[in-house]
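Peer 1: These are the residues of each chain, in order.
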Amino acid sequence: MDMNRRQFFKVCGVGLGASSLAALGMAPPPAYAETIRHFKLANTRETRNTCPYCSVGCGLIMYSRGDGAKNVVQEIVHIEGDADHPVNRGTLCPKGAGLLDFVHSPNRLKYPEVREAGSNEWKRVSWDEALGRIATLMKADRDANFVTHNANGQTVNRWLSTGFLAASASSNEAGYITHKVVRSLGMLAFDNQARV
Amino acid sequence: MASQDITARSATTTPMPQVRQVGEVAKLIDTSKCIGCKACQVACSEWNELRAEVGHNVGVYDNPNDLGADSWTLIRFAEYENPASGNLEWLIRKDGCMHCADPGCLKACPSPGAIVKYANGIVDFNQDKCIGCGYCISGCPFDVPRLSQKDHKAYKCTLCSDRVAVGLEPACVKTCPTGAIVFGSKQDMQMHAAERIEDLKERGFAQAGLYDPAGVGGTHVMYVLHHADQPSLYAGLPEAPAISPLVELWKGVTKPLALLAMGAAVLAGFFHYVRVGPNRVDEEPDPGEPTVHQVDPSVHVVDPNKQP
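Residue numbers (the working numbering), protein chains in the order written: chain A, 28 to 223; chain B, 154 to 461.
No lab work stands behind these hints, which were simulated from the structure alone.
Incorrect hints may appear among the rest.
[Unchecked claim] Only pairs whose alpha carbons sit at most 20 angstroms apart, straight line, appear in this in silico EDC-like list of lysine to aspartate or glutamate:
{"id": "1", "chain 1": "B", "residue 1": "Lys-303", "chain 2": "B", "residue 2": "Glu-206"}
{"id": "2", "chain 1": "A", "residue 1": "Lys-122", "chain 2": "B", "residue 2": "Asp-255"}
{"id": "3", "chain 1": "B", "residue 1": "Lys-404", "chain 2": "B", "residue 2": "Glu-436"}
{"id": "4", "chain 1": "B", "residue 1": "Lys-306", "chain 2": "B", "residue 2": "Asp-341"}
{"id": "5", "chain 1": "B", "residue 1": "Lys-282", "chain 2": "B", "residue 2": "Glu-206"}
{"id": "6", "chain 1": "A", "residue 1": "Lys-122", "chain 2": "B", "residue 2": "Glu-351"}
{"id": "7", "chain 1": "B", "residue 1": "Lys-306", "chain 2": "B", "residue 2": "Asp-223"}
{"id": "8", "chain 1": "B", "residue 1": "Lys-306", "chain 2": "B", "residue 2": "Glu-206"}
{"id": "9", "chain 1": "B", "residue 1": "Lys-354", "chain 2": "B", "residue 2": "Asp-158"}
{"id": "10", "chain 1": "A", "residue 1": "Lys-67", "chain 2": "B", "residue 2": "Asp-215"}
{"id": "11", "chain 1": "B", "residue 1": "Lys-303", "chain 2": "B", "residue 2": "Asp-215"}
{"id": "12", "chain 1": "A", "residue 1": "Lys-150", "chain 2": "A", "residue 2": "Glu-140"}
{"id": "13", "chain 1": "A", "residue 1": "Lys-67", "chain 2": "B", "residue 2": "Asp-223"}
{"id": "14", "chain 1": "B", "residue 1": "Lys-404", "chain 2": "B", "residue 2": "Asp-255"}
{"id": "15", "chain 1": "A", "residue 1": "Lys-122", "chain 2": "B", "residue 2": "Glu-206"}
{"id": "16", "chain 1": "B", "residue 1": "Lys-186", "chain 2": "B", "residue 2": "Asp-304"}
{"id": "17", "chain 1": "A", "residue 1": "Lys-122", "chain 2": "B", "residue 2": "Asp-281"}
{"id": "18", "chain 1": "A", "residue 1": "Lys-166", "chain 2": "A", "residue 2": "Glu-148"}
{"id": "19", "chain 1": "B", "residue 1": "Lys-306", "chain 2": "B", "residue 2": "Asp-215"}
{"id": "20", "chain 1": "B", "residue 1": "Lys-186", "chain 2": "B", "residue 2": "Asp-352"}
{"id": "21", "chain 1": "A", "residue 1": "Lys-67", "chain 2": "B", "residue 2": "Glu-348"}
[As the list claims (entries may be wrong)] Reference listing, derived: stretches of chain B covered by chain A, where coverage requires no fewer than 3 residues with Cβ under 8 angstroms from a Cβ of chain A:
{"id": "22", "region": "322-333"}
{"id": "23", "region": "396-408"}
All C-beta atoms, glycine included, are put in the ideal place defined by N, C-alpha and C.
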């Protein structure tokens with residue numbers, strides 16, 4: 028044994044000092060803030076909308092990041108049901124609950140496209156081009172195939188060669204106008220994407 | 154102080170704050186109202202920003218096939234042919250963390266603060282402090298936590314503690330289209346369940362009841378079951394869940410004894426060092442064997458090849 032009395036007191040002194048420092052709080056303290064899960068919707072912008080899927084037309088709140096300042100690109104970070112909406116009162120089905128991925132889907136259609144007859148490629152067109160093309164083709168088809176009288180000579184004024192598919196989640200007003208436009212042209216085949 | 158008081162913290166012996174009176178919350182899942190639409194699964198993955206890998210269909214409706222580090226809740230489908238009525242019953246249960254009042258995961262966890270229990274009853278994992286040992290999985294009577302293959306940390310349902318802290322309901326509760334999942338104080342949920350059970354009994358489910366197992370001190374996620382006498386019908390819901398006795402043995406007996414033994418070993422080492430000192434090699438060179446082998450001249454070597 029090499030330790031003499033003086034060395035023994037040194038060892039004891041150092042040990043006592045170190046443990047006292049630790050006990051007095053010199054050891055790194057645990058961080059309490061990290062036990063809190065931060066609420067991710069704080070300071071997001073809320074926008075009301077209607078679910079685009081089916082004819083139930085559930086109300087949504089879309090939460091987006093960014094306060095709309097000039098140098099910020101807003102991005103939708105969360106979508107959930109609108110508790111104030113009388114249709115769904117905050118609930119959503121699995122499709123509606125997953126709308127965030129629908130919004131951000133890389134396959135999402137964002138502009139009108141046309142595939143010409145005989146072509147296998149979709150080509151981007153402007154809205155004006157698309158609407159003009161639809162109107163031209165509808166008029167040509169209606170002029171060619173509009174039926175004014177049936178075999179018995181009764182007036183029917185119907186147009187059977189074109190159909191119309193409308194949105195199912197429209198408001199009553201939009202649905203009323205759509206109905207009037209389609210029926211006033213004499214179109215009979217008229218439906219909506221009530222279930223997608 | 155955290156916005157929610159913590160009443161239990163893994164591997165910690167210091168007392169937790171107890172002064173504030175916080176009511177216990179509970180989520181009630183009514184299996185008789187669930188249609189298995191999985192909106193809760195989608196809402197959970199959306200709120201918690203989890204996107205599990207697309208899996209494979211193994212011939213059942215369960216999708217994904219099992220809970221995972223990125224699938225914290227799962228609708229499990231079970232078919233049951235009722236011998237009494239002859240009906241085929243489709244029993245659908247939303248699986249996930251039960252938020253036990255006496256959580257086995259917390260008891261088994263060796264990492265301080267990796268698992269906490271809030272005063273409102275929510276049991277939450279703190280992945281920053283998780284060491285990935287997986288003891289919480291063996292400690293859980295319901296087999297809920299899962300280790301991630303990405304970061305080797307354990308994950309499970311948080312009961313949306315971030316939403317509950319600001320007065321919102323968990324994401325699965327909000328989205329449920331049939332109202333099969335409801336949320337409120339534990340007492341209110343028990344009362345709501347009692348009404349549902351009465352209704353189910355009137356409709357011919359005589360064994361309808363509440364699943365709030367006492368073996369884990371009650372849970373903060375409770376089920377209304379049509380067949381409360383046979384919970385195992387619902388895709389293996391445990392009949393009498395309890396923390397494994399091995400966890401109690403390890404944490405209750407073995408760990409303190411082992412800590413005592415370790416402390417005693419250190420102390421004994423210190424006193425041995427002080428009293429006896431280290432073993433020292435003698436510094437005087439050992440004469441030992443000489444490096445060159447000396448042949449004893451009295452020994453004759455017989456060489457048969459040597460010519461005389």
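Peer 1: Hint by hint, which ones does this structure get wrong, listed from lowest number up?
Peer 2: 2, 3, 4, 5, 6, 9, 10, 11, 16, 17, 18, 19, 21, 23
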